[in-house]
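Participant: Sequence:
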Amino acid sequence: IYILTISILIFSCNTKDDYIQEVYVNELIDLSLPAYSELITTGSSILIDNIGVEGIIIYHGIGEDYKVYDRNCSYEPSLACSFIDSVSSGIAYCGCCSSAFLISNNGEAINAPAILPLKTYSWSLDNNMLRIFN
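The working numbering numbers the first residue of the sequence shown as 337 and each following residue consecutively.
Quick caveat, the hints were computed from the structure, so don't treat them as lab data.
What you are looking at is a predicted structure, and each value in this text was computed from that prediction instead of being measured.
Relax, there's no trap hidden among the hints.
Estimated spans, in silico, between C-beta atoms of each pair:
#, residue 1, residue 2, range
1, G426, E363, 20 to 28 Å
2, Y338, L383, 47 to 55 Å
3, I339, A371, 52 to 60 Å
4, S368, C432, 28 to 36 Å
5, S425, N470, 26 to 34 Å
6, C432, N470, 20 to 28 Å
7, I376, P449, 31 to 39 Å
8, N362, S422, 20 to 28 Å
9, D385, Y338, 44 to 52 Å
10, I339, G426, 46 to 54 Å
11, N442, F469, 14 to 22 Å
Quick reminder that beta carbons are idealized off the backbone N, C-alpha and C, glycines included.
Please take these sequences and the hints and turn them into a complete structure.
Facilitator: What follows is the structure, encoded as structure tokens:
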């Protein structure tokens with residue numbers, strides 16, 4: 337029984353690949369550029385590649401409030417397909433596992449199998465320059 341218990345504990349431990357990686361992020365986004373014109377409207381969002389682990393989602397809340405999330409899905413993030421591939425009406429969807437996340441609030445999971453929220457990034461706004469950082 338002792339050996340069985342230890343074996344279960346060893347094999348059930350998560351590896352570092354089961355977590356969203358920590359990467360350095362310090363990006364400036366000029367919201368006045370045409371590429372980001374969709375963010376003018378409250379409730380809109382865009383997906384950007386090559387920032388963070390799997391890219392980022394920028395959601396424009398009310399007024400000058402923004403929310404920034406990593407596109408890496410919180411359910412089995414080490415899978416190659418584990419990323420947010422679409423956003424609609426303030427909800428982000430992972431096509432790999434069918435999880436959904438409420439990005440208009442705090443990135444919380446609203447559809448199984450994910451139970452953890454999306455990873456968030458800090459941001460600051462100076463005129464039209466949105467700085468995204470961790």
